[in-house]
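Please work from the sequences and hints to get the whole structure.
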Amino acid sequence: MEENRLLTITAPFREGFSSLKLTERLVTLTTGYTPDAERELQEASYYDYPVLKAPVWRWEIIWYFFFGGLAAGCYVIASIASLFGSREDRAVARTGYYLSLLAVLPCPLLLTKDLGRPERFLHMLRMFKVKSPMSMGTWSLVGFSLFSGITTVIQAARDGILGRWWGPRVLAALPQRLIALPGTAFGLFLGGYTGVLLTATSVPLWSRSKVLGAVFISSAISTSSALISLVLRFTRAPVPVLHKLERLEWVALLVEMTGLLAFLRGSGRAARPLVGTGPTEHGRTFWRFVFGGGLALPWLLQTLSLLGKRSEKRRSGRGIVISLLVLVGGYFLRRTMIEAGHTSSTDARTTLWNAKR
Amino acid sequence: MAVKSARSGSPLRTMVSLLVGNKEPPLPSQPAMGFFTDTSLCIGCKACEIACKQWNQLPASDPVWTGSSYDNTGQLSATTWRHVQFIEHIGRRDNGRNAYIDDQIAQAQLEGTIPLIPPGTALPFFNTDRWLMQSDVCKHCANAPCQEACPTGAIIRTEFDTVYVQQDICNGCGYCVVACPFGVIARDEYGDRTAHKCTLCYDRLKDGMEPACAKACPTDSIQFGEVEQLKAHARERLGILHERGVEEARLYGVDDAILEGGLNSFFLLLDAPEVYNLPENPPRPSNNVVPASLWTIVAAAVLGLFGILFFRE
Numbered sequence: 001m002e003e004n005r006l007l008t009i010t011a012p013f014r015e016g017f018s019s020l021k022l023t024e025r026l027v028t029l030t031t032g033y034t035p036d037a038e039r040e041l042q043e044a045s046y047y048d049y050p051v052l053k054a055p056v057w058r059w060e061i062i063w064y065f066f067f068g069g070l071a072a073g074c075y076v077i078a079s080i081a082s083l084f085g086s087r088e089d090r091a092v093a094r095t096g097y098y099l100s101l102l103a104v105l106p107c108p109l110l111l112t113k114d115l116g117r118p119e120r121f122l123h124m125l126r127m128f129k130v131k132s133p134m135s136m137g138t139w140s141l142v143g144f145s146l147f148s149g150i151t152t153v154i155q156a157a158r159d160g161i162l163g164r165w166w167g168p169r170v171l172a173a174l175p176q177r178l179i180a181l182p183g184t185a186f187g188l189f190l191g192g193y194t195g196v197l198l199t200a201t202s203v204p205l206w207s208r209s210k211v212l213g214a215v216f217i218s219s220a221i222s223t224s225s226a227l228i229s230l231v232l233r234f235t236r237a238p239v240p241v242l243h244k245l246e247r248l249e250w251v252a253l254l255v256e257m258t259g260l261l262a263f264l265r266g267s268g269r270a271a272r273p274l275v276g277t278g279p280t281e282h283g284r285t286f287w288r289f290v291f292g293g294g295l296a297l298p299w300l301l302q303t304l305s306l307l308g309k310r311s312e313k314r315r316s317g318r319g320i321v322i323s324l325l326v327l328v329g330g331y332f333l334r335r336t337m338i339e340a341g342h343t344s345s346t347d348a349r350t351t352l353w354n355a356k357r
Numbered sequence: 358m359a360v361k362s363a364r365s366g367s368p369l370r371t372m373v374s375l376l377v378g379n380k381e382p383p384l385p386s387q388p389a390m391g392f393f394t395d396t397s398l399c400i401g402c403k404a405c406e407i408a409c410k411q412w413n414q415l416p417a418s419d420p421v422w423t424g425s426s427y428d429n430t431g432q433l434s435a436t437t438w439r440h441v442q443f444i445e446h447i448g449r450r451d452n453g454r455n456a457y458i459d460d461q462i463a464q465a466q467l468e469g470t471i472p473l474i475p476p477g478t479a480l481p482f483f484n485t486d487r488w489l490m491q492s493d494v495c496k497h498c499a500n501a502p503c504q505e506a507c508p509t510g511a512i513i514r515t516e517f518d519t520v521y522v523q524q525d526i527c528n529g530c531g532y533c534v535v536a537c538p539f540g541v542i543a544r545d546e547y548g549d550r551t552a553h554k555c556t557l558c559y560d561r562l563k564d565g566m567e568p569a570c571a572k573a574c575p576t577d578s579i580q581f582g583e584v585e586q587l588k589a590h591a592r593e594r595l596g597i598l599h600e601r602g603v604e605e606a607r608l609y610g611v612d613d614a615i616l617e618g619g620l621n622s623f624f625l626l627l628d629a630p631e632v633y634n635l636p637e638n639p640p641r642p643s644n645n646v647v648p649a650s651l652w653t654i655v656a657a658a659v660l661g662l663f664g665i666l667f668f669r670e
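Protein chains in written order, with the numbering used here: chain A, 1 to 357; chain B, 358 to 670.
Treat each hint with caution, since some may be false.
Stated by the list, open to error - Rough simulated footprint, nothing fancy, chain B against chain A, three-plus residues with beta-carbon under 8 Å:
no., stretch
1, 39–51
2, 128–138
3, 186–196
4, 217–229
5, 245–255
What the hints assert, rightly or not - Straight-line Cα separation of at most 30 Å, BS3-like style, residue types lysine-lysine; simulated pairs:
no., chain 1, residue 1, chain 2, residue 2
6, B, Lys-403, B, Lys-572
7, B, Lys-380, A, Lys-131
8, B, Lys-563, A, Lys-129
9, B, Lys-403, B, Lys-563
10, A, Lys-113, A, Lys-356
11, A, Lys-131, A, Lys-113
12, A, Lys-129, B, Lys-410
13, A, Lys-129, A, Lys-113
14, B, Lys-410, B, Lys-572
Stated by the list, open to error - Computed beta-carbon distance windows for the label pairs:
no., chain 1, residue 1, chain 2, residue 2, range
15, A, Leu-29, B, Leu-384, 55 to 63 Å
16, B, Asp-577, A, Leu-22, 56 to 64 Å
17, B, Tyr-547, A, Thr-34, 39 to 47 Å
18, A, Leu-178, B, Glu-381, 39 to 47 Å
19, B, Gly-602, A, Pro-118, 55 to 63 Å
20, A, Asp-36, B, Asp-612, 44 to 52 Å
21, A, Arg-25, B, Ile-407, 51 to 59 Å
22, A, Phe-128, B, Gly-548, 25 to 33 Å
23, A, Ile-150, B, Asp-612, 47 to 55 Å
24, B, Ser-418, A, Glu-40, 26 to 34 Å
25, A, Arg-25, B, Ile-462, 23 to 31 Å
Hints listed in this document are in silico derivations from the structure and should not be mistaken for laboratory results.
From a predicted model like this one, the values you see are computed outputs, not experimental measurements.
All C-beta atoms, glycine included, are put in the ideal place defined by N, C-alpha and C.
Right under this line is the structure:
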C-alpha cells in the first residue's frame, strides 16, 4: 500500500527523467552530435568568458519576426488565390489582404522600439546596402508596406467599405492583380530575409547552417495559411476553399520540418542551445511547442483530416485546433531561435570550435 | 558657398543636393595605420587600458572581482577599448615534459652550464608554468564584419584604413554587435545607446600623434605604425623569437587568412589563438548572405508552386 503510494507520488518525476533521456536521444539523432563533456572541457578558452557579445535583440524582434512573417505570408497566399484561384477563392484573397495589412502595422513600431536611439529610425534609409540584410530588409519592409497598403485599400474599395463616392470608385478600378505581382515579390523577401539576417552573423547557432531563411519563409506560409483558414472557418467559407488552404498548410509544414531538420543537422554542435535539455538550453520549449506541438502534431492531424471522410462539423473543430497549434508553434520558433542565439553567443568553446576550418 | 556650388551644377544635381545635402568629397587617402600587439613583451601593467579610458573620456566600469585572475576587466565593451588578459598556465608540468626538463637541469648542474630553454616556455624559467598576458583591442579588420553589417552607414573606413563608428549616425540597431566575430563592438546600454569601439584614436591620428595606448605602453608591446611596415616588423620579431627557441610564438592576423584580408590590428601570440579567446579562422558573416538567400528562394519557389497548383484546380 505504502509502496504504491510512493510510486504514484514519484511517477511524474520518473516520467520526467525518462522523457528527458528520450529528448536527449532525439537531440543526438537530429544534430548528429553526441555531447562529450570531458573532451569539451579540455578545449582551450580564456576562463570560458564569452568570445562574442550577446545580441541586444529581445521581445520586440521576436514579435516583429512573427508579425512580419504573417504579413508576408498572408499577402503571398492572397495574391496566389486572386491570380490563380476561382471565384470562390476571392474570400481567401480578401481575408489575406486585410490580415496582411493588420499584421504589418505593428512591424515598424516594433523595429523602432528595438533601436538604441528610436528617434534615429530614418537613418536606416540613408543607405541601400546589398551586403547588409538589415538594410535590404528595411527597404523591403518599406516597399511591402506600400504595396500591402495599396492592395488592401483597393480591396476595401471593392468591398464597399470606403463608401460610394468617386474616390473608392477610382480605387476599385485600379489593377489590383497587377499591383499584387511586385507586392508578392516584396512579400517573399520580407518573409525570408529575417532568416538570412540571422545567418549573416557570427553567432554559431544562427550562422553555421545556411537554411534559416528557408525555415522562416516556410513558417511564414504555414502560420499565414493557419491564420487565414482560422478566420475563414469563423466566417463559414465554402469547404473547397478551406480544403485548398489545408493542403497548402500541409505542404508548408512539411517543408518547414524538413528545413528545420536540415538546420539541426547542419548546425551540429552549434544547435545544442536550441534543442538541448541543459539548464540554459531551450530544448524543452523547442520540442514541446515548436517541433512537437507546432509542426509534427498539426501535420499529422492535417494528414488525417485530408485522408479521412469525417463530418464537416468535426473537421471544422479539428481545423481550428490545427490552426492554433501552428500559430503558437510559429511564435515559439522565433522565440526559441532568438533566445537560444543569446545562449549560443555566450558559449566560448562552441564559438571557437565554429571558427576552426 | 552652398548656393554658389548649387548654381554651378546641373539642375538635377542641385535638386539632389537640396534634398540630401551636399556630399563632402572623401579625404585624401593616407597610408593604412594599425597596431602590432606583441604579447611576448606584455607585462600586464594595464597602462593601455587606463590611457585609453583617459584620452577617450570613457567612464570606469563598476569594479568586479572575477576571481579567475588579475583580469578584473573581463572583456572589451562599449566603454573599454583595451583589455589586458592574464592567462595562467599553472601545473603544466603534469603533461609529461617534466622528465625532459629535469634531465636538462640535472645535466646543466653536472656540467656547471646554463640549462637550455625548455621547449614550451616563453621565458627562460626552469618550469613550464606560464603566465601569458595580452592587451586585446579592436582588430580593425580589412573586411570588417561590423562595417559590412551596418545598415545606416555609421561604420566607415577612415582615410587611415581604420574602422570608425560615426556616433551621430548610429541608431543602435545592434547588427554590428552580432556580426563581429571577436566580440569587440558593443552597444552602450548605460550611455547614449549607440555602438562603440576602439577608434584607433582617430582624433590623435588627425594631428599626427600615435594612439594613447601605444604611447603609454612601457614595453612597446603595443606598437603603432603603417600596417605594411608593422607587418614586416612582426615577421622579423617572430623570426627572432623562433631563433631564440620560443617555437610556440605565432602571428595572428598578419597574413590575409583571417576574414579574407587579414587584420590591420594584429598580434604575436605565445600559444594557440583559442587560449586568448581568439577564433582561429572565423567565418565572414557577409559570405552567408548568398547561400542563405538561395535556400530561401528554393523554399519560396517550392511553396509558391504548390500554392499555384492547389488554387488552380
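Hint-by-hint comparison with the structure:
Closer than 8 Å: that is the beta-carbon criterion, and the stretch 39–51 of chain A has 8 residues meeting it against chain B, so the requirement of 3 holds. Counting residues of the stretch 128–138 of chain A whose beta-carbon sits less than 8 Å from any beta-carbon of chain B gives 7, enough to reach three: the coverage restraint holds. With 6 residues having a beta carbon nearer than 8 Å to a beta carbon of chain B, the stretch 186–196 of chain A meets the requirement of three or more and the stated coverage holds. A count of 3 residues in the stretch 217–229 of chain A with a Cβ less than 8 Å from any Cβ of chain B is obtained; the coverage claim is therefore met, three being the minimum.
Chain B is given as covering the stretch 245–255 of chain A, and this holds because 5 residues of the stretch bring a CB closer than 8 Å to a CB of that chain, at least three being needed. Taking the CA atoms of B:Lys-403 and B:Lys-572, the gap is near 13 Å; set against the 30 Å cutoff, the hint holds. A C-alpha spacing of about 22 Å is found between B:Lys-380 and A:Lys-131, which places the hinted pair at or below 30 Å, so the restraint holds. The straight-line distance between the Cα atoms of B:Lys-563 and A:Lys-129 is roughly 28 Å, inside the 30 Å bound, and the hint therefore holds.
Our distance criterion of 30 Å between C-alpha atoms is met by B:Lys-403 and B:Lys-563, whose separation comes to about 25 Å. About 37 Å separates the Cα atoms of A:Lys-113 and A:Lys-356, which puts this hinted pair outside 30 Å; it is violated. Annotation: proposed proximity of A:Lys-131 to A:Lys-113 holds, straight-line Cα distance about 24 Å (limit 30 Å). Simply put, A:Lys-129 and B:Lys-410 have alpha-carbon atoms about 33 Å apart, too far for the 30 Å limit, and the pair is violated.
Taking the CA atoms of A:Lys-129 and A:Lys-113, the gap is near 22 Å; set against the 30 Å cutoff, the hint holds. A threshold of 30 Å between alpha carbons decides the hint, and for B:Lys-410 with B:Lys-572 the separation of about 13 Å falls inside it, so the pair holds. For the pair A:Leu-29 and B:Leu-384, the beta carbons lie near 57 Å from each other, so the given range of 55 to 63 Å is met. For B:Asp-577 and A:Leu-22, the hinted distance range of 56 to 64 Å is satisfied, since their beta carbons lie about 59 Å from each other.
Taken as a hint, the range 39 to 47 Å holds for the pair B:Tyr-547 and A:Thr-34, whose Cβ atoms sit roughly 42 Å apart. Distance hint check for A:Leu-178 and B:Glu-381: the Cβ-Cβ separation is about 42 Å, which falls inside the suggested range of 39 to 47 Å. As the Cβ distance of B:Gly-602 to A:Pro-118 is approximately 58 Å, the hint placing it in 55 to 63 Å holds. The hinted range of 44 to 52 Å is not satisfied by A:Asp-36 and B:Asp-612, whose Cβ atoms lie roughly 33 Å apart.
A C-beta distance of roughly 53 Å is found between A:Arg-25 and B:Ile-407, which places it inside the suggested range of 51 to 59 Å. In this structure the hint that A:Phe-128 and B:Gly-548 lie 25 to 33 Å apart at CB holds, the actual value being about 30 Å. Under the hint 47 to 55 Å, the C-beta atoms of A:Ile-150 and B:Asp-612, about 53 Å apart, fit the expected range. Restraint check, B:Ser-418 to A:Glu-40: a C-beta distance of roughly 30 Å satisfies the suggested window 26 to 34 Å.
The given range of 23 to 31 Å is broken by A:Arg-25 and B:Ile-462, whose C-beta atoms sit roughly 53 Å from each other.
In summary, the numbered hints that this structure violates are 10, 12, 20 and 25.
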